[in-house]
Amino acid sequence: MLLSIKNLHASINGKEILKGIDLDINQGEVHAIMGPNGTGKSTLASVIAGREVFDVTEGEIFYKNKNLLRLAVEERAREGIFLGFQYPVEIPGVSITNFMRTAVNELRKYKGLDPLSGGAFLKLMEEKKELVELTSNLANRSVNEGFSGGEKKKNEIFQMAMLEPTLAILDETDSGLDIDALRVVANGVNKLRTKENAFLVITHYQRLLDYIIPDFVHVLFEGKIVKSGTKELALELEEKGYDWIRKEQQDNGKAE
Amino acid sequence: MQGALKQNITKELMTGLYADHRAAIAANDYPALTARRENAIHRFEELGFPTTKLEAWKNTDLRESFAKEYAVVLKPKQDVDVQKVFRCNIPHLDTAIMGQLNGWYVSKDVPLMELGNGIIMGSLAEAMKKYPALIGVHLGRYADTNGDAFTALNTAFSQDGVFIYVPDNVKSPKPVQIINVIHNDENLFLQSRNLIVLGKNSRLSLVHCDDSYNHQPSFSNVVTEIHLGEHASLDHYKLQSLNNESTLISSVYFRMEASAKLESHYISLNGGLLRNNIRIRFNGPHGDAKIYGIYLMDRKQHIDNQVFVDHAYPDCTSGELFKGILDEHSSGVFNGHVLVERNAVRTNAYQSNKNILLTETAKVNSKPFLEIYNDDVKCSHGSTTGQLDQDAMYYLRQRGIGEDSARMLLMYAYADEVISKIAIDPLRYRIEDMVKKRLQGELQICEACVLHCNTPEQPVEFVIDMTKI
Chain A
1 MLLSIKNLHA
11 SINGKEILKG
21 IDLDINQGEV
31 HAIMGPNGTG
41 KSTLASVIAG
51 REVFDVTEGE
61 IFYKNKNLLR
71 LAVEERAREG
81 IFLGFQYPVE
91 IPGVSITNFM
101 RTAVNELRKY
111 KGLDPLSGGA
121 FLKLMEEKKE
131 LVELTSNLAN
141 RSVNEGFSGG
151 EKKKNEIFQM
161 AMLEPTLAIL
171 DETDSGLDID
181 ALRVVANGVN
191 KLRTKENAFL
201 VITHYQRLLD
211 YIIPDFVHVL
221 FEGKIVKSGT
231 KELALELEEK
241 GYDWIRKEQQ
251 DNGKAE
Chain B
1001 MQGALKQNIT
1011 KELMTGLYAD
1021 HRAAIAANDY
1031 PALTARRENA
1041 IHRFEELGFP
1051 TTKLEAWKNT
1061 DLRESFAKEY
1071 AVVLKPKQDV
1081 DVQKVFRCNI
1091 PHLDTAIMGQ
1101 LNGWYVSKDV
1111 PLMELGNGII
1121 MGSLAEAMKK
1131 YPALIGVHLG
1141 RYADTNGDAF
1151 TALNTAFSQD
1161 GVFIYVPDNV
1171 KSPKPVQIIN
1181 VIHNDENLFL
1191 QSRNLIVLGK
1201 NSRLSLVHCD
1211 DSYNHQPSFS
1221 NVVTEIHLGE
1231 HASLDHYKLQ
1241 SLNNESTLIS
1251 SVYFRMEASA
1261 KLESHYISLN
1271 GGLLRNNIRI
1281 RFNGPHGDAK
1291 IYGIYLMDRK
1301 QHIDNQVFVD
1311 HAYPDCTSGE
1321 LFKGILDEHS
1331 SGVFNGHVLV
1341 ERNAVRTNAY
1351 QSNKNILLTE
1361 TAKVNSKPFL
1371 EIYNDDVKCS
1381 HGSTTGQLDQ
1391 DAMYYLRQRG
1401 IGEDSARMLL
1411 MYAYADEVIS
1421 KIAIDPLRYR
1431 IEDMVKKRLQ
1441 GELQICEACV
1451 LHCNTPEQPV
1461 EFVIDMTKI
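Protein chains in written order, with the numbering used here: chain A, 1 to 256; chain B, 1001 to 1469.
Derived by calculation from the structure, the hints in this document are not laboratory data.
Note that the structure is a prediction, hence the values are computed from the model and not measured.
Be aware that one or more of the hints could be misleading.
For each label pair, taking beta carbons as the anchor points, the in silico distance ranges come out as [stated by the list, open to error]:
| no. | chain 1 | residue 1 | chain 2 | residue 2 | range |
| --- | --- | --- | --- | --- | --- |
| 1 | A | Arg207 | B | His1092 | 49 to 57 angstroms |
| 2 | B | Ser1420 | A | Ser148 | 18 to 26 angstroms |
| 3 | A | Glu58 | B | Glu1403 | 26 to 34 angstroms |
| 4 | B | Lys1421 | A | Tyr87 | 27 to 35 angstroms |
| 5 | A | His204 | B | Glu1403 | 28 to 36 angstroms |
| 6 | A | Tyr87 | B | Glu1403 | 30 to 38 angstroms |
| 7 | A | Glu236 | B | Ser1420 | 38 to 46 angstroms |
| 8 | B | Glu1360 | A | His204 | 38 to 46 angstroms |
| 9 | A | Asp251 | B | Glu1360 | 50 to 58 angstroms |
| 10 | B | Asp1109 | A | Glu126 | 50 to 58 angstroms |
| 11 | B | Asn1008 | A | Arg108 | 20 to 28 angstroms |
As a list, the in silico DSS-like pairs of lysine-lysine whose alpha-carbon atoms are at most 30 angstroms apart [what the hints assert, rightly or not]:
| no. | chain 1 | residue 1 | chain 2 | residue 2 |
| --- | --- | --- | --- | --- |
| 12 | A | Lys123 | B | Lys1437 |
| 13 | A | Lys129 | A | Lys195 |
| 14 | B | Lys1261 | B | Lys1300 |
| 15 | B | Lys1053 | B | Lys1354 |
| 16 | A | Lys111 | B | Lys1437 |
| 17 | B | Lys1261 | B | Lys1363 |
| 18 | B | Lys1053 | A | Lys129 |
| 19 | B | Lys1290 | B | Lys1354 |
| 20 | B | Lys1354 | A | Lys111 |
| 21 | A | Lys15 | A | Lys66 |
| 22 | A | Lys123 | B | Lys1053 |
| 23 | A | Lys109 | B | Lys1437 |
Every residue gets a Cβ at the ideal spot worked out from N, C-alpha and C, and that includes glycine.
Just chain A, with the same shape it has in the complex:
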């Protein structure tokens, strides 16, 4: 088991967002998490990544058999957890090249490897840029500064390609993308899929899952996973809408 989440409760400023999440992910699997807005999808991504503003009040997360909750954000990243941000942060003055070179070399250092030489690094960058169809002038610009929505998301996939994570969480990577950008992003993900890594794709719409075929689909509703299934579940959701889930939950509530 790569990632094992048990009864996870998390809150921010005293308000509980996650109310008992259970989720297991194995290597080689792609999991999709769907659900209406405001049900905790992004919170789940942030808590796995280790964002400190969230308090984990109950439950546990094990990753590669390590207690993930004990690790700092950067330690989780170096252990192979990557978060593709829903809203990538603009960092004026830091070029993507310098940013990635620093990140790649810190990762190598963690693994006990020597830093990449300038030439080797640039070669790696060229390779990965091609993979995600990132134009070369983008790499010389400041991180995300003045990027269009599509460029920001492509840049996230580019970074993922550079860092080769074991568990990649893509938080609504499809939001705000036109169909061409969506295809580029999805192609990037598909090329990076291996037997060793795993993906957790968070999305509001089924659309992305036409391109990234998930092994499992989970529905997150009011802080809990209320339904799990295979890719057909996504189609069912698309057809019936989230009101179906809402109604089912209300009915269950009455039954109890």
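Once you've looked at the hints, dock chain B against the given chain A.
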């Protein structure tokens, strides 16, 4: 002997010293200059040294600087190995170097050079003797001897400094670099005066470095007057890297005639107490002045930037961008004052001061201020003080970059907005490197000139060596 024994600097001491040494001080004067000294010492006597009771000094307390004893410098130091003190080894930075030691111009043999293209550069004292008419038109005409006590005191005492004259229509082929080094075995109180005159349609790049040679305390009161003739263009760099025991009061008065263009960069890397008085007067229409500042302070260092821009004529543009990073117990002051006079229509002016405080104990007082007397203007001002962007920190850390490195990257990027404006490439590479080292806490006061450190010949790649953090 440097002029006097170490003692406490007081108004009475200075006026007394002036009375005792007035003949020697005025030895190179033309008559009008001596008269100006007399007026200035009287004015200083009336004003006295500023205290925090004055609005302009409210947040800069000189008491600690004055608590030390200093020897007042009235004569140049003779026994100096000029070659050793003044060298600058920034690769590919090809400048005409002018050395100043404790405020006095130093040269091996030629105190005043006249170049083929008509440029004159060298000692102000020599120039006063040789070109009294030229000097007389400018010296003391732009500095505020009446209202500023330090400028008054400097006007009374200063005997030498750097003089540069660029004639009409001449473009200086390479940058001129003034290296002002403070070097002595005892505490010094020094006052020097610089005059830079750019003729009509002339151009100059000027790099002005203030450095310490050792860790001896010093108190410098330096006044620089810079005149930009019509359509003249000046690219001006002020690099400050003094030891932690030094106090520097630097007053630069820019007078800009019609259509003159100025870019001034204040790069303050180190110093005990640094006070930059930057005063710009547009003396004709269509002038353009950009003033940039970056300051990196820590320990108990203090930086105070006072920028005053007088829009006295229409159609001028001024811009100020000052950014600071304050660590530990350091403190900063920014006072930006833009005055738009009644007839200065179509004025375009902006001021921006941004500060990052890295600790609870660091502090800053920022006051951008617009004073506008007509309706047809475009002015803006802003001031922000905060911590590093926490969202950006999280983003960098999520990519595996450790907290310290992430912080360093963000600070460096923050400073880069100002550093990237440096137009001389080799200088920019050096400053990038120095800022990087400064942020990593590696930068020490180098021998003589901070510009002696090894420098990259290419743009600085920010690759963090974790062992250094």
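Range agreement (Cβ of glutamate 1403/B with Cβ of tyrosine 87/A, hint 30 to 38 angstroms): violated, 22 angstroms
Given the hint that lysine 1354/B pairs with lysine 111/A, test it: the Cα-Cα distance must not exceed 30 angstroms. The given pair, whose Cα atoms are some 39 angstroms apart, is violated under the 30 angstroms limit.
Could one say that the CB atoms of asparagine 1008/B and arginine 108/A fall in the range 20 to 28 angstroms? The hinted range 20 to 28 angstroms is violated for asparagine 1008/B and arginine 108/A, with Cβ atoms some 58 angstroms apart.
CB-CB spacing for tyrosine 87/A and lysine 1421/B relative to the 27 to 35 angstroms hint: holds, 30 angstroms
Straight-line Cα separation of lysine 129/A and lysine 195/A no greater than 30 angstroms? holds, 23 angstroms
Is the gap between the beta carbons of arginine 207/A and histidine 1092/B within 49 to 57 angstroms? The hinted range 49 to 57 angstroms holds for arginine 207/A and histidine 1092/B, with Cβ atoms some 55 angstroms apart.
For the pair we were handed, lysine 15/A and lysine 66/A, check the Cα-Cα distance against 30 angstroms. Within the cut-off at roughly 27 angstroms; holds.
Take a look at whether the Cβ-Cβ distance between aspartate 1109/B and glutamate 126/A falls inside 50 to 58 angstroms. holds, 56 angstroms
Check whether the Cα positions of lysine 1290/B and lysine 1354/B lie no farther apart than 30 angstroms. This hinted pair holds, its Cα atoms lying about 16 angstroms apart.
Does the structure keep lysine 1053/B and lysine 129/A at a Cα separation of 30 angstroms or less? With Cα atoms ~61 angstroms apart, lysine 1053/B and lysine 129/A exceed 30 angstroms; violated.
When you check the alpha-carbon spacing of lysine 1261/B and lysine 1363/B, does it fall within 30 angstroms? violated, 34 angstroms
Just tell me: holds or violated, for the beta carbon distance of glutamate 236/A and serine 1420/B against 38 to 46 angstroms? 54 angstroms Cβ-Cβ, so the 38 to 46 angstroms window is violated.
In terms of the numbered hints stated before, the structure departs from hints 6, 7, 11, 14, 17, 18, 20 and 22, listed from lowest to highest.
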